[in-house]
Amino acid sequence: DQQVKQNSPSLSVQEGRISILNCDYTNSMFDYFLWYKKYPAEGPTFLISISSIKDKNEDGRFTVFLNKSAKHLSLHIVPSQPGDSAVYFCAARNAGNMLTFGGGTRLMVKP
Amino acid sequence: SQTIHQWPATLVQPVGSPLSLECTVEGTSNPNLYWYRQAAGRGLQLLFYSVGIGQISSEVPQNLSASRPQDRQFILSSKKLLLSDSGFYLCAWSVYGNQPQHFGDGTRLSIL
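In the order they appear, the protein sequences are chains G and C.
Mind the numbering: the first sequence is residues 99 to 209 in the numbering used here, read in order.
Mind the numbering: the second sequence is residues 4 to 115 in the numbering used here, read in order.
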């Protein structure tokens with residue numbers, strides 16, 4: 099029973115264009131959502147988050163959108179850069195600060 | 004600033020051998036501590052979490068155990084490793100409230 103799903107295992111984007119990574123969840127009790135970026139052989143690094151009471155949060159080139167009715171969130175990266183190439187995990191938090199992670203999407207930004 | 008250390012970075016162990024992975028956090032007090040595993044090509048699965056010394060909660064039944072002997076030390080152990088224990092093990096910490104979890108660099112465990 100996967101409560102958080104990232105249906106695209108990989109995504110390839112040209113440098114300078116927009117990258118859109120998607121995430122779906124099933125548990126309506128999740129109150130906080132996060133995106134992490136992971137390079138090979140390293141731990142995930144926190145990127146951006148959004149509370150369930152908001153529908154958008156922006157930080158530089160990164161914007162996270164939350165659609166609660168659809169139980170869907172997305173991460174937009176614009177413009178995409180080759181250094182953004184990594185695996186991106188979405189995560190959802192329940193009460194007690196427990197995170198449930200999606201399976202990850204590998205983003206490749208081509209120069 | 005807070006930092007988290009995990010060691011070793013890589014480990015190759017035979018089936019049936021014991022395991023001890025250590026994680027320490029610096030620069031914060033009374034953190035929540037977590038152990039995750041990432042199996043090949045999959046997401047992160049929460050194994051254990053701890054809200055204080057000696058307090059361990061397990062999320063999934065398995066061949067592993069965790070201990071928290073000190074406030075900022077979290078240990079993942081096994082008495083007898085199985086092939087299925089192979090994976091990338093990550094330790095993380097957080098403080099309460101709307102703060103994200105922060106991860107160590109992980110340990111790549113290969114069981115032969």
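Derived by calculation from the structure, the hints in this document are not laboratory data.
Here a beta-carbon is modelled for each residue, glycine too, at the ideal position from N, C-alpha and C.
Any given hint could turn out to be false.
Per label pair, the in silico range of CB-to-CB distance [to be verified]:
#1 C/113 with G/149: 18 to 28 Å
#2 G/166 with C/11: 39 to 49 Å
#3 G/126 with C/98: 17 to 27 Å
#4 C/6 with G/159: 36 to 46 Å
#5 G/172 with C/20: 36 to 46 Å
#6 G/181 with C/73: 30 to 40 Å
#7 C/115 with G/107: 25 to 35 Å
#8 G/156 with C/21: 40 to 50 Å
#9 G/140 with C/33: 25 to 35 Å
#10 C/20 with G/167: 27 to 37 Å
#11 G/156 with C/11: 36 to 46 Å
A short, non-exhaustive set of chain G residues, derived as facing chain C with CB atoms under 7 Å [as the list claims (entries may be wrong)]:
#12 132
#13 137
#14 138
#15 140
#16 163
#17 200
#18 202
Hint check:
1. C/113 with G/149: 18 to 28 Å: 39 Å, violated
2. G/166 with C/11: 39 to 49 Å: 42 Å, holds
3. G/126 with C/98: 17 to 27 Å: 26 Å, holds
4. C/6 with G/159: 36 to 46 Å: 26 Å, violated
5. G/172 with C/20: 36 to 46 Å: For residue 172 of chain G and residue 20 of chain C the Cβ distance comes to about 44 Å; the hint holds.
6. G/181 with C/73: 30 to 40 Å: About 37 Å separates the Cβ atoms of residue 181 of chain G and residue 73 of chain C, which means 30 to 40 Å holds.
7. C/115 with G/107: 25 to 35 Å: 28 Å, holds
8. G/156 with C/21: 40 to 50 Å: 48 Å, holds
9. G/140 with C/33: 25 to 35 Å: Holds, at about 26 Å.
10. C/20 with G/167: 27 to 37 Å: Violated - the Cβ-Cβ distance for residue 20 of chain C and residue 167 of chain G, about 51 Å, lies outside 27 to 37 Å.
11. G/156 with C/11: 36 to 46 Å: Holds, since residue 156 of chain G and residue 11 of chain C (Cβ atoms, about 39 Å apart) stay within the stated range.
12. 132: 5 Å, holds
13. 137: Where the cut-off is 7 Å and the nearest Cβ of chain C is about 10 Å from residue 137 of chain G, the hint is violated.
14. 138: 10 Å, violated
15. 140: Result: holds, 5 Å to nearest chain C Cβ.
16. 163: 18 Å, violated
17. 200: This hint holds: residue 200 of chain G lies near chain C, its Cβ roughly 6 Å from the closest one there, short of 7 Å.
18. 202: 6 Å, holds
In terms of the numbered hints stated before, the structure departs from hints 1, 4, 10, 13, 14 and 16, listed from lowest to highest.
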